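Trainee: Start from the sequences, fold in the hints, and give me the full structure.
There are 10 protein chains.
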Amino acid sequence: MTTAEITEKLLAAKKAKGISFEDLEKVVGCDETWIASVIYRQASASEEEAGKIVETLGLPPEMAEPLTVPPMKGGLDPLIPTDPLVYRFYEIMQVYGVPVKAVIHEKFGDGIMSAIDFSIEVDKVSDPKGDRVQVTMCGKFLPYKKW
Amino acid sequence: MTTAEITEKLLAAKKAKGISFEDLEKVVGCDETWIASVIYRQASASEEEAGKIVETLGLPPEMAEPLTVPPMKGGLDPLIPTDPLVYRFYEIMQVYGVPVKAVIHEKFGDGIMSAIDFSIEVDKVSDPKGDRVQVTMCGKFLPYKKW
Amino acid sequence: MTTAEITEKLLAAKKAKGISFEDLEKVVGCDETWIASVIYRQASASEEEAGKIVETLGLPPEMAEPLTVPPMKGGLDPLIPTDPLVYRFYEIMQVYGVPVKAVIHEKFGDGIMSAIDFSIEVDKVSDPKGDRVQVTMCGKFLPYKKW
Amino acid sequence: MTTAEITEKLLAAKKAKGISFEDLEKVVGCDETWIASVIYRQASASEEEAGKIVETLGLPPEMAEPLTVPPMKGGLDPLIPTDPLVYRFYEIMQVYGVPVKAVIHEKFGDGIMSAIDFSIEVDKVSDPKGDRVQVTMCGKFLPYKKW
Amino acid sequence: MTTAEITEKLLAAKKAKGISFEDLEKVVGCDETWIASVIYRQASASEEEAGKIVETLGLPPEMAEPLTVPPMKGGLDPLIPTDPLVYRFYEIMQVYGVPVKAVIHEKFGDGIMSAIDFSIEVDKVSDPKGDRVQVTMCGKFLPYKKW
Amino acid sequence: MTTAEITEKLLAAKKAKGISFEDLEKVVGCDETWIASVIYRQASASEEEAGKIVETLGLPPEMAEPLTVPPMKGGLDPLIPTDPLVYRFYEIMQVYGVPVKAVIHEKFGDGIMSAIDFSIEVDKVSDPKGDRVQVTMCGKFLPYKKW
Amino acid sequence: MTTAEITEKLLAAKKAKGISFEDLEKVVGCDETWIASVIYRQASASEEEAGKIVETLGLPPEMAEPLTVPPMKGGLDPLIPTDPLVYRFYEIMQVYGVPVKAVIHEKFGDGIMSAIDFSIEVDKVSDPKGDRVQVTMCGKFLPYKKW
Amino acid sequence: MTTAEITEKLLAAKKAKGISFEDLEKVVGCDETWIASVIYRQASASEEEAGKIVETLGLPPEMAEPLTVPPMKGGLDPLIPTDPLVYRFYEIMQVYGVPVKAVIHEKFGDGIMSAIDFSIEVDKVSDPKGDRVQVTMCGKFLPYKKW
Amino acid sequence: MTTAEITEKLLAAKKAKGISFEDLEKVVGCDETWIASVIYRQASASEEEAGKIVETLGLPPEMAEPLTVPPMKGGLDPLIPTDPLVYRFYEIMQVYGVPVKAVIHEKFGDGIMSAIDFSIEVDKVSDPKGDRVQVTMCGKFLPYKKW
Amino acid sequence: MTTAEITEKLLAAKKAKGISFEDLEKVVGCDETWIASVIYRQASASEEEAGKIVETLGLPPEMAEPLTVPPMKGGLDPLIPTDPLVYRFYEIMQVYGVPVKAVIHEKFGDGIMSAIDFSIEVDKVSDPKGDRVQVTMCGKFLPYKKW
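Chains as they are written, first to last, in the working numbering: chain A, 1 to 147; chain B, 1001 to 1147; chain C, 2001 to 2147; chain D, 3001 to 3147; chain E, 4001 to 4147; chain F, 5001 to 5147; chain G, 6001 to 6147; chain H, 7001 to 7147; chain I, 8001 to 8147; chain J, 9001 to 9147.
Hints in this document: simulated from the structure, not taken from any laboratory. Fair warning: this is a prediction, and the values are worked out from it, not measured in the lab. Glycine included, C-beta positions come from ideal geometry on N, C-alpha and C. Mixed in with the good hints, there may be bad ones.
What the hints assert, rightly or not - A partial selection of chain A residues facing chain B, derived with a Cβ cut-off under 10 Å: (1) 11; (2) 34; (3) 75; (4) 94; (5) 108; (6) 112; (7) 115; (8) 137; (9) 140.
Said to hold, decoys possible - Subject to a maximum C-alpha distance of 20 Å in a straight line, what follows is the list of computed SDA-like cross-link-like pairs (lysine to any residue): (10) D:3124 <-> C:2105; (11) F:5107 <-> E:4130; (12) A:124 <-> B:1121; (13) F:5052 <-> G:6147; (14) B:1052 <-> B:1013; (15) H:7009 <-> H:7055; (16) H:7009 <-> H:7069; (17) H:7015 <-> F:5002; (18) C:2017 <-> C:2027; (19) A:17 <-> C:2066; (20) E:4052 <-> E:4011; (21) J:9107 <-> I:8147; (22) E:4017 <-> G:6047; (23) A:129 <-> D:3126; (24) H:7009 <-> H:7072; (25) F:5017 <-> F:5005; (26) A:145 <-> I:8016; (27) D:3026 <-> D:3002; (28) H:7015 <-> H:7056; (29) E:4009 <-> E:4062; (30) H:7124 <-> G:6136; (31) E:4146 <-> D:3117.
Mentor: Below, the structure written as structure tokens:
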């Protein structure tokens, strides 16, 4: 089974059973975006977490194991994404990447925001002029080491 | 004066006067990241905002006008950034782009998070295991129109 | 069934029954280009719209469901298209992109034409020197937010 | 004088005199977007048209001649534009390029919309929910020749 | 049947029957290079022309229909071709593209040679020092429209 | 003096004196497109030919020498040209490259059309429906050597 | 049978029978590298040569015909090869390409070394400090034609 | 002084004094292609070799020192060269790279031809049908180490 | 069996039997990273080594032979890797490549670190602030040859 | 002063005074490769460290300040380096990237080697068969966070 086939099977089961990512969050006890990342094979779960996901989706237990393997991550094709929703994150990096870098360096010194010791959450913010999507990223600041 | 020269002059004055983006936030009344975006010519200010920025930095008033012009935005070179801090945002898009898309569609339907009717903020979150960088993006949900 | 297979099946049925996009426009009550976008999996329909499309093409009702899913959009391969008709739109962007940007900024201020709250229509304009293709794009102006 | 310097001089004069592209349209008798294209050196004017543009901008007559030369057109850098406004046209091509191709072939047969025997206009459409940008492209249909 | 499969079937039949493109030219009444373009799915034929091609190759009549569909054209992979014969045309464009542009503008004004209202022929020119390949392209001159 | 500066000087002199490429053809005794290639530094002339070009343009004799140096050829930027006239040759290669390859192999066997032992000419073909540009390429057929 | 499948079959047979390229050289009477090029479908053989190759490898005679077809050549994927042995040739071109060009022009005038009327041979040169690979390329000098 | 300026000065002096690379070979006692590589800053000379080159070209002794610095090598722009002579080496790698790899592995085992412990020479081979360019590369075979 | 299938089979057997790369190191007597390279088909083993690997994994002996073939190496897709762990090596090259080059040249003169006569090892370094990954590369210094 | 000019000045002073990176290591008390990284503007020093570097090189104290600014890092041009020494690190990533990933995951679990909390050292290892370059990278293991 290729990575894409695993994802497809899990999504099909999720759709057939009418289970949302939010439902999975309640069962597994982890954030829904992280669970979506496990299903799209961008993150690896513990055996227990994988087991709960698979069981909730009504799939046989042997579907759990592949979800625990550290995957080849990334791999959006093409390198500059064309899907408008995904592209907006590329655009944000293009437009605000350097200003954000300047502010982070001013606040923290030379270093980066980790994308590994990191979380990303999606929330709906109600607004009379139209609901808003809030994406909150939170990563450990890693100062450059000298040696 | 090219765009790069305008930015360079403003940053030199800012450094010479020891003014932080946070100081500018207090004077101008807008978020520091947005002000950094104006200085890096990724956003355009009103005449009043531009005037305050320029005055605070101790620069002559005619420096304000170029900050009000809608700039050619983006333009990170190369297209896939090599600076480690900026690259992490590319990596986040590669790794979490599709899971985030799935969660947004589940919560909102078919559409996108606007990168125009949009804000981005940087905060320091104290943590005994090491401070964390929090980046909060908030954009209007734009549903696809049918016609 | 992959996305490409769904499109292929719909187009084959459309051809076999001799139904034009214009015929579908009359049945569904939406513009023919939008309907073509649904069939090429660049837009998602409501269940009712999808049902009408599928029924008109003489296909079984279960073909309707996939048309309601928000698809991975774009994905023209290669990134700079080689099909002469599609390339002309790339050429128009290359040649007229910056002048159009200048005119829009002069008329509206800093912001963009939305490609989401957006419609695109194709019309035939009769002309004794040779018919003309008229493509009308109409998108909401989105001013840049400050924060 | 390089092409970029010519454009810069004309835009500086236009700004200094407070003349809009619409003002130039009235003087020259051609559409404002086409005039913007001449100024950005994407189109070439007749000597008379170039003379009127230069005169209206209060520039010396010898500035007119370079505007009559067929320029190297296009040349947006990078090939996939990062400016959000210009990018939207790339996105439209990515998302709607193939559906538009299908509709044009159905209405006209095998051929293309010319990008040479072609006009492009920008209009403001008032709308209580927010003004809209309307871009109208109109190009001669060119059927493929057989030989 | 994919486009590549159609081409493969036609070429296999052509080889098996020992028919040359020149033979097809005599039957169909169109130039051999154009007929090769139809078979490689870069051009679309009328039903009558497609019928003659298919019949001459000894294939069943239902093979004719796909040849009448306007195809996705181009699509050489990779974008800069590596086949030495095809690459020579890329090299000619690289080396002589700008000089040819200069001569065309001097002879015709601002505009292009159409690649749609266009023919291309291949001839053998006998030469005691070694035969020569003559490629003759002939396209309508399209002057840039003003508007 | 860079290559671009040499070209610029020659073109400026040519314009100032009102000399066409066709005029140069009569003086030098070589085709006008080849002369344009020398001026754009894509071809190298003999000392005598270079001397005639320079003299006819009213430039000092020391301008002749650089035209005799074998240049770095090609170098269109970007690799896939965006100028509409030059792009059409790229499009022709994309659309007709493989059919032309098939016809050449059928007529000549395995080998290529030389782009070195090669000429390219541009002619105006009068036509009541609009003049046509005729480009004639003629290169030695080079069969693949076995060893 | 695709091109890759033909190559695979021939290589499998060659391995199974324990035949080296050098053995094939003796039977066919052509250089081993050229024979390898035929097997990898980068060169086309005569019917007689193809017959000998196929017979020596113990394959049925109908395997010979595909080896006589002029193939789509090149096609290394990716364009800048990552295999270390093949990459070294790219590196040699990057490092020594311009110096070699300078020496060839000094010795021969403006023109190129043909890669068609061309041979390439591989030899082992014994050396006490470690054997050396000698690659000898020999191509006809083709002077640029004037016209 | 940039690298390009050093090269330019040396080539100008070489031309002015009418010295060939072959002349330099006799004075320096190294191959002419290697000397050309030093001048184009792709190789570094000893102080003595650099001194001889500079002296023979009639340049001041301080020009010698920069020739002893290990340069940033390669850097052909663009990555796939467009100059026809240099491109032929790219084409040879595309067409014959894999067959040559197969032959080297058969003769030597798993490893590469070094491009560092390596020489490249250019010779003229007289031939009544037209002189030939012979390029001889000779690099140490480096077997892959196991560890 | 394609290269990817061989790797997949070996990894599946390794997982099923619960054998680590370190276990294989003990059996084969070579470093675990090198063994991983053999399994991912980036290195070729001797028959004996391949036999031990296959036997330890409980696979039939005929699986050993493909591991002795020199493979097409590299081939990470895409060229700039998106997997965060692999990308870090790209980032290290981008950030520290030139400083490392400067230090190597100062210590060794003009030349390179071989990536063929080369070993790479991975070790875990315990650290109370968090374990560290140590990667040790060791390659023969190859000085540039003169000729 | 641009970043490149700062580097150039420091390297020129270093050369003029005959100071090695190793000498700087003794004065500054940090590793020579890290100091080279500061000079090439890939790392930022403290004021004290920058002061010592500048003083040792005999430069005025105001040269120290720019070395304390967090730079735009990376930026090797082109993205796939052509300098043979730097390229070898790209090749190592291509060939050994995936095996190294497999070994790290087996030893540490899902996560990466940090390139920020990271050191890189270059050592000369004497060897009778030719000295060897040893590059030791040591980065903190960062396990993927769940949330």
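Trainee: Now, for every hint given, state plainly whether the structure supports it.
Mentor: Evaluation of the provided hints:
1. A cut of 10 Å between beta carbons decides the hint on residue 11 of chain A: the least distance to chain B is about 8 Å, and the hint holds.
2. A cut of 10 Å between beta carbons decides the hint on residue 34 of chain A: the least distance to chain B is about 8 Å, and the hint holds.
3. Below 10 Å, beta-carbon pairs count as interface contacts, and residue 75 of chain A has one with chain B at about 7 Å; its hint therefore holds.
4. With a cut of 10 Å, the hint placing residue 94 of chain A at the interface with chain B holds, because the nearest CB-to-CB distance is about 4 Å.
5. Checking residue 108 of chain A against chain B: minimum C-beta separation of about 7 Å stays under 10 Å; hint holds.
6. Given hint, residue 112 of chain A at the interface with chain B, holds; its Cβ is 4 Å from that chain's nearest Cβ, closer than 10 Å.
7. Satisfaction of the interface hint for residue 115 of chain A is found here, the shortest Cβ-Cβ separation to chain B being roughly 4 Å, below the 10 Å cut-off.
8. The interface hint given for residue 137 of chain A holds, since its Cβ lies 4 Å from the closest Cβ of chain B, which is under the 10 Å cut-off.
9. A least Cβ separation of about 5 Å between residue 140 of chain A and chain B falls short of the 10 Å threshold, and the interface hint therefore holds.
10. The straight-line distance between the Cα atoms of residue 3124 of chain D and residue 2105 of chain C is roughly 11 Å, inside the 20 Å bound, and the hint therefore holds.
11. Of the pairs offered as hints, the one joining residue 5107 of chain F and residue 4130 of chain E holds, with about 14 Å between alpha carbons and a cut-off of 20 Å not exceeded.
12. Of the supplied pair hints, the one linking residue 124 of chain A and residue 1121 of chain B holds, its CA atoms being roughly 17 Å apart against a limit of 20 Å.
13. For the given pair, residue 5052 of chain F sits about 16 Å from residue 6147 of chain G by alpha-carbon distance, which is consistent with the 20 Å threshold.
14. Under the criterion of a C-alpha separation no larger than 20 Å, the hint pairing residue 1052 of chain B with residue 1013 of chain B is consistent with the structure, at around 14 Å.
15. Simply put, residue 7009 of chain H and residue 7055 of chain H have alpha-carbon atoms about 13 Å apart, close enough for the 20 Å limit, and the pair holds.
16. Proposed proximity of residue 7009 of chain H and residue 7069 of chain H is supported: the alpha carbons are some 17 Å apart, at most 20 Å.
17. The straight-line distance between the Cα atoms of residue 7015 of chain H and residue 5002 of chain F is roughly 16 Å, inside the 20 Å bound, and the hint therefore holds.
18. For the proposed pair residue 2017 of chain C and residue 2027 of chain C, the alpha carbon gap of about 15 Å is at most 20 Å, so the pair holds.
19. For the hint pairing residue 17 of chain A with residue 2066 of chain C, the CA-to-CA distance comes to about 16 Å; that is within 20 Å, so the pair holds.
20. About 15 Å separates the Cα atoms of residue 4052 of chain E and residue 4011 of chain E, which keeps this hinted pair within 20 Å; it holds.
21. Under the criterion of a C-alpha separation no larger than 20 Å, the hint pairing residue 9107 of chain J with residue 8147 of chain I is inconsistent with the structure, at around 47 Å.
22. Taken as a hint, the residue 4017 of chain E and residue 6047 of chain G pair is honoured in the structure, with Cα atoms around 18 Å apart against an allowance of 20 Å.
23. Annotation: proposed proximity of residue 129 of chain A to residue 3126 of chain D holds, straight-line Cα distance about 18 Å (limit 20 Å).
24. Of the supplied pair hints, the one linking residue 7009 of chain H and residue 7072 of chain H holds, its CA atoms being roughly 19 Å apart against a limit of 20 Å.
25. Our distance criterion of 20 Å between C-alpha atoms is met by residue 5017 of chain F and residue 5005 of chain F, whose separation comes to about 18 Å.
26. Distance check on the hinted pair: residue 145 of chain A and residue 8016 of chain I sit about 40 Å apart at the alpha-carbon level, beyond 20 Å; violated.
27. The suggested pairing of residue 3026 of chain D with residue 3002 of chain D is violated, with an alpha-carbon distance near 28 Å, which exceeds 20 Å.
28. Proposed proximity of residue 7015 of chain H and residue 7056 of chain H is supported: the alpha carbons are some 12 Å apart, at most 20 Å.
29. With a C-alpha separation of about 13 Å, the suggested pairing of residue 4009 of chain E with residue 4062 of chain E holds against the 20 Å cut-off.
30. About 13 Å separates the Cα atoms of residue 7124 of chain H and residue 6136 of chain G, which keeps this hinted pair within 20 Å; it holds.
31. A hinted pair counts as satisfied when its Cα atoms are at most 20 Å apart, and residue 4146 of chain E with residue 3117 of chain D qualifies at roughly 8 Å.
Hints 21, 26 and 27, counting from the list given before, are not met by this structure.
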